Structures are given as structure tokens and as C-alpha cells.
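*Asks:* If you read the sequences in order, they're chains F and X.
With this note's numbering as the guide, the letters of the first sequence map in order to residues 1 to 214.
With this note's numbering as the guide, the letters of the second sequence map in order to residues 1001 to 1471.
The hints are simulated quantities; they were obtained by calculation from the structure and are not laboratory data.
Be aware that one or more of the hints could be misleading.
To be verified - For lysine-lysine, the following DSBU-like pairs were computed, each having C-alpha atoms within a straight-line distance of at most 30 Å:
#1 Lys55(F) <-> Lys9(F)
#2 Lys21(F) <-> Lys48(F)
#3 Lys9(F) <-> Lys1301(X)
#4 Lys1297(X) <-> Lys177(F)
#5 Lys21(F) <-> Lys112(F)
#6 Lys9(F) <-> Lys1267(X)
#7 Lys48(F) <-> Lys1241(X)
#8 Lys9(F) <-> Lys1241(X)
#9 Lys15(F) <-> Lys1301(X)
#10 Lys15(F) <-> Lys1297(X)
#11 Lys1267(X) <-> Lys14(F)
#12 Lys1297(X) <-> Lys21(F)
#13 Lys18(F) <-> Lys1082(X)
#14 Lys9(F) <-> Lys177(F)
#15 Lys177(F) <-> Lys1301(X)
#16 Lys21(F) <-> Lys1301(X)
#17 Lys14(F) <-> Lys48(F)
#18 Lys5(F) <-> Lys15(F)
#19 Lys1267(X) <-> Lys15(F)
#20 Lys48(F) <-> Lys1082(X)
#21 Lys55(F) <-> Lys1267(X)
#22 Lys1297(X) <-> Lys14(F)
#23 Lys21(F) <-> Lys1267(X)
#24 Lys1082(X) <-> Lys14(F)
#25 Lys5(F) <-> Lys21(F)
What the hints assert, rightly or not - Where chain X lies over chain F, by a calculated footprint (3+ residues, C-beta under 8 Å):
#26 5-19
#27 24-37
#28 48-58
#29 61-70
#30 91-104
#31 183-195
#32 200-211
Nothing here was measured: the structure is a model prediction, and the numbers come from that model.
Ideal Cβ positions, reconstructed from N, Cα and C, are used throughout, including at glycine.
Chain by chain, the residues run as shown.
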Amino acid sequence: MNTQKIDVKELGSKKLNKRLKEIDEEEVRELELIRPESSHFLGAGLRKRLRLRIKGSIGYYLGTCMDGPVIRVEGNAGWYPGDNVTSGEIFIEGSAGDGAGQGLYGGRVTVKGNCGSRTGQLMKNGTVIVGGNSGFMTGLYAFGGQIIVLGDVGEMAGESILGGTIYVGGEVTSLGKNAVLEQAGPEEVEEINEVLREIELPGEDSFSKIIPRE
Amino acid sequence: MYNIDHSCISCGKCESICPVDAITMVEEKGEDGQGARPQIDLDLCTYCQACATFCPAGAITIEEPAPSNTWSGEKMAMIERKARTGEVPVRGTSARRDLPDFDDLIVRCAQVSRPPIDHYREPCETKVTLGGRFAERPLELKIPIYIGAMSFGAISKRAKLALARGAREAGSAVNTGEGGMLPEERENSDNLIVQYASGRFGVSAEYLQSADAVELKIGQGAKAGQGGMLMASKVVEEISKVRGTPEGADLISPARHMDIVGPEDLKMKIRQLREIVDWEIPVIVKFAAGRVEEDVKIAAKAGADAVLVDGMQGGTGAAPHPTLEHAGIPTLAATTSAHRALVEVGLREEVDLIVSGGLTSGADVAKALALGANAVSLSTAALVALGCRVCGLCNTGNCPYGITTQDPNLQERLDVEEGERAVCNLLSVFTEEASMLAMLAGKTSLFNLEREDLRALTVEASEMADVGLVG
């Protein structure tokens, strides 16, 4: 199995996305993307089981609609990383802007640092993990899935939430319309910590959880 | 005018309750026996309906000869409904009020100044290519009419199949609507437009990449400026599977895309969709007609291949009454505004214009094309072809014609093969009607129709459509 190195700045996102879609998964499984220069839409619509390691920070809509890839960002990400992902995994070592994991259908999006607002909005399933804090309206219009925030969540958490769960290790500033706050049970805490161990993030002894009002 | 029927029990309550002493009980000898009957002096009567309302036998009906326009029966009934239920009335289909439309225009026939083309002998070009601005594989249709967005959920699977097959037979296209893609819809369509809307239901790379065009829905004419909700009762197992959502849950589409709140966001979204589909297929941006010129200019500058403007006569599976009747711009006016906007930004040749909303005939199609549309999209007319009677029950899920229901028993009333034939016929006849009008105006192509071929029957239509007045 070969590892290919691609210069993102030289190629540009349009050509890069085309090339990624044409790669033969049997020949190349890993790619190192250098000089990402905060490019947008990287990995858009990619439906291959490739492993991408991005050597720097990335722009908007990382991995939008991807189905299968595993992406690691050695830097920060702009808005909407992991938008509408069907399956696969994104791990951002730094922080991310607004809307991380928006519209997620499956897979996992992890931001080791902090996130902007509206994390996991419109998500239907899958998991979004935030190692630090998440801004206001986390889980806006979520239909399903789980959001795990190890730090604090901002104002109006779970605004108009219709399904799914937001687990919070830190403080909840305030709740949005249709959201209620409860304490996560020991089994839920153990399941969360198991996931966190898998991605080498520290666990918590307890979590509160935000769910839709009955 | 009033009537006292046989159930009158001669109790005299009406006489005692009348606030203007317009009622007198008069002894009468009729076929059904003898007794006092009310006689109403219509010169005194104010039509307050107290006699009819409080009659213990329900024997009195009384109608005002010249009802108030401000307080018409329909408006009074609506007020009573709101007072009774405490809810904003919701129904399906479209605005029912009288709005300016394409009937306010006529096509000028050619005579000697230019010769007419013989519809029965000579050909007329109807093929259209849409979305060729940036897309590598634009949409190529045999006719400039396609079936608009109606989701699986809002309408039944049988209706979806009939529309898809009918459109294919006619050389046209069909649109998935917001509810994801039924595999059978793809299998039965040559040209399938997938919708990308604010709820992102059923959206995936596979969904977008298997399409022939993507419609980015910003808004919808019937519920201008609002999102939507598919009631939990309609979210059966197959619908939840296609949409990727929990079964039996209300599915809400926000009024705006959570990641599009301005022109730059729209530009990013269009580019995002292009990257997902590898720049292969067109991106159509759909607006509810409201601030038409501003929105169309923004979409054109943001990189849309085509813009669809949906006038306020457009239909829906469910919308609040005030939105249906009081929000949006009629399709007639919106068509001209959209065309003008594209001209003003210098992108008229690059960006295709599609219009929709209450188109009821091939004449409407011809006039829309003359006003600048490259194609039209229709939905309610196609449902009428399937048997819809535009009763507005769509939101209840109890459509008696099996069209806007998920009830398997009701769906059985819709014959897919008959529906397919009806939809194909409708599209073909509308095209023929439009061609007929183009040819009598001296045009050998539907797309040569122009504003000068039209005249307005009213001053209002003339102003709205920027078309000269007749005479």
C-alpha cells in the first residue's frame, strides 16, 4: 500500500477533489496533503476508503458529504467540517469554526479543541465530539445522533432539538426551546468514556445531557 | 332572501329574539298542517342571523342579498374557525384568491407584417438545454416543461412513479423534492433533478452524484419565506428510510438554510455542491418570488447555472393560510422581474431562467417563455392530471385520490400506468399548445417567442409584465 503526497496549493481544490475521486483504493490508501492553505471543500463527495492526513489548517466544508474516508487535520478547520457526512471519520487536532458536523448522517467528527456555534446542527445520526467548548445553539434542529462536549456549551443549547442527545462534561450556559437537561446515567458515561479512550481524549466522571422535551 | 322549512315548530323564539322586530309570527295553513310561521320583513332585517342561530329546530336560513366584501361569508367562516380552534389554519395546494396571471396577456398573431407558421404542417423547435454555464453535462430536455419538486412524503410512491414515468415518456425531467430519492424514481427517470433544501433530508454524495441536476431550494412560492414540516403521521417506515430520519417524527425544514444567510454564503454553497458532483451537473437555485430582482442577481453572480423563480400561485402539501394568500409575488410579475435582473447584471445569456407557480395551460408556458423563461416547471397541474381536485386536504394525509397520502388503501386508488399516460399527455399537449401559439405568432421555435409577441389586457398586467397594452 502506497502513501501519496499531494501539494494542495499547487493543485487547487477542484482538481484535487477530482483526483481523489479517481484514485484506485487498491493501490493507494493513504495520502498526505501538504500546503492545504485553508482550502475549502476538501474531500467533497469522496466515497472511497482513503486515509487523508492534512498537514496544516483547512477551510470550510471539510469532507462535505463524504462516505468512507478517514481524515486527520494537523491544524484548525474553518466552518462546517464534516458537513453531511454519511460515513467515515474526521479528526481535527486544533479548533474549528461554526457548524462542525452539521447535517451528519453517520460516522464521527472530532474537534480536539474548541468549536464555534451551532455544532451538530441538523444532524440525523453519527457522533460529534468536541474536546473543548462549543458555542451557542449547539445541536440546533438536531434530529438524532449524539454530540459529546467535554467542556462547556454556550447559550441556547439544544435549540429546537427534535432528537438525539447532547452530552456535556462542563457547564451549560442556557437551554434552547424544546430542550431539557438531565444527568447521564452510569452506563451512558461509561459508553462515552469508551469512545473517548478510542480517540485518546480524556474521559469525565459525569456528564449532563440535553434531550428534546417529550 | 329567507326560507322557513318544514321543521319549524312555531315556537316564536325568532320573533322574540329579533333585535329589530323584523319577524312576525303569522298563522299559516300549509300542506304540513296549521300553525304560526315567522314572516321576515327584509326591509327591517339586518341579516344578523340571530333567528337562524337560535332557532331550536334549525328551520331558518337567511341570506344577505349583497354581502359585505369586508365581511364576506368566506372571511367570517375563517374567523369562526380561528376562534374555535385557536390555531392558524393550514391546508395544501396554493393561493385561492384572484391574482394577476398569464391569462391577462394575449399572443399577437402574425399576418402580413410577418407570416404565421403552419402548425399542422411545419415543425417547431421545443428542445432545450439547461444549465450549461458551468456544468459539464447540462440538462437536455425534449420540451421546456418539467415536473417540479414534490417530495416522497408529501406525495405517495405511486404518484412519484407516475410522474417519473410520464416525464420520461414525454422527454422531460422530474424533481425529487426535499425528501431524498426513491430508488424507483431514479430507475424510472431519464432526467432526475434532486433537491437540496434546508432540512437536508436524504442528502448524501450518492444522492447528489446520481442526479442529472441539483436544485438548491432557498424558498418555495406557496410558502414564501417559510420552511415546512412533514407531519409525523406521514413519516412511515419507507419515508424515514429514504430521508435518513427517525420513523414517526415530525420533520421540520427550517425557513432558511442554516449555512446560507447572505450572498457570500450562497456562493460558497453553490461551489460546495459543484465540488461534490465534480462540476458535472447543473446547479439550479430556486427562490420563492419575493425580492425577485435582488435574489436573482445574487444567485447569478454567485455562480448559479440556472435560477428558478416560483410565483405565489405555486402549490404545497401544507402551508398556513396567511402565507398562501398574502405572501409572495404572482408568477406573471416575477417572470419579468427575474428576466430583467439577469439582463441588468449582464448574465442573461449565461444563466437560464425557469419559472413556476400556477401554470395551467400551454398558453401559460408560451407566455412565460415570451417573457424570458427558458423553461417552466409545473407540479399542481401534473397532480390534477393524476386526479387531484385541488381540495387542499393534502396536509391531512387523507387524499381520496391516493396522491398526497401514505395510506396504502387510499394509494390503491391511483393507477400508476394510467397516471403515467396522463402526465405524458399533459406535458405533450402543453408543449403542443405552446408551439401552436408560437407558430401563429410567426415563430419556428418556442424560444423565439419574445415580449413583443404579447399584449396585455389590463393596465396592471401591462405594468407588471412590461408588455404593451392591447389596442
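*Asks:* Between Lys15(F) and Lys1301(X), is the straight-line Cα distance small enough, at 30 Å or below?
*Replies:* Given that 30 Å is the threshold and the Cα spacing comes to 23 Å, the pair holds.
*Asks:* The stretch 61-70 of chain F covered by chain X? Criterion: 3 or more residues, Cβ-Cβ distance below 8 Å.
*Replies:* Holds: 5 residues of the stretch 61-70 of chain F have a Cβ under 8 Å from chain X.
*Asks:* Is the hinted pair Lys177(F) and Lys1301(X) satisfied, with a Cα-Cα distance of at most 30 Å?
*Replies:* 37 Å, violated
*Asks:* With a Cβ-Cβ cutoff of 8 Å, does the stretch 24-37 of chain F contain at least three residues near chain X?
*Replies:* violated (count 0)
*Asks:* Are the Cα positions of Lys5(F) and Lys21(F) separated by 30 Å at most?
*Replies:* Distance of about 15 Å is within 30 Å: holds.
*Asks:* Hey, Lys1297(X) versus Lys21(F), does the alpha-carbon distance stay inside 30 Å?
*Replies:* With a Cα-Cα distance of about 33 Å, the restraint between Lys1297(X) and Lys21(F) is violated, given a limit of 30 Å.
*Asks:* Holds or violated: Lys9(F) with Lys1241(X), Cα cutoff 30 Å?
*Replies:* 40 Å, violated
*Asks:* For the pair we were handed, Lys18(F) and Lys1082(X), check the Cα-Cα distance against 30 Å.
*Replies:* Judged against 30 Å, a Cα distance of about 56 Å means the pair is violated.
*Asks:* Against the 30 Å threshold, does the CA-CA distance of Lys9(F) and Lys1267(X) hold or violate the hint?
*Replies:* Within the cut-off at roughly 21 Å; holds.
*Asks:* Check whether the Cα positions of Lys21(F) and Lys48(F) lie no farther apart than 30 Å.
*Replies:* 7 Å, holds
*Asks:* Does Lys1241(X) sit within 30 Å of Lys48(F), going by the straight-line distance between their CA atoms?
*Replies:* 23 Å, holds
*Asks:* Check the hint pairing Lys21(F) with Lys1301(X) against an upper bound of 30 Å on the C-alpha distance.
*Replies:* 28 Å, holds
This entry does not satisfy hints 4, 8, 12, 13, 14, 15, 20, 24, 27, 28, 31 and 32, going by the numbered hints stated previously.
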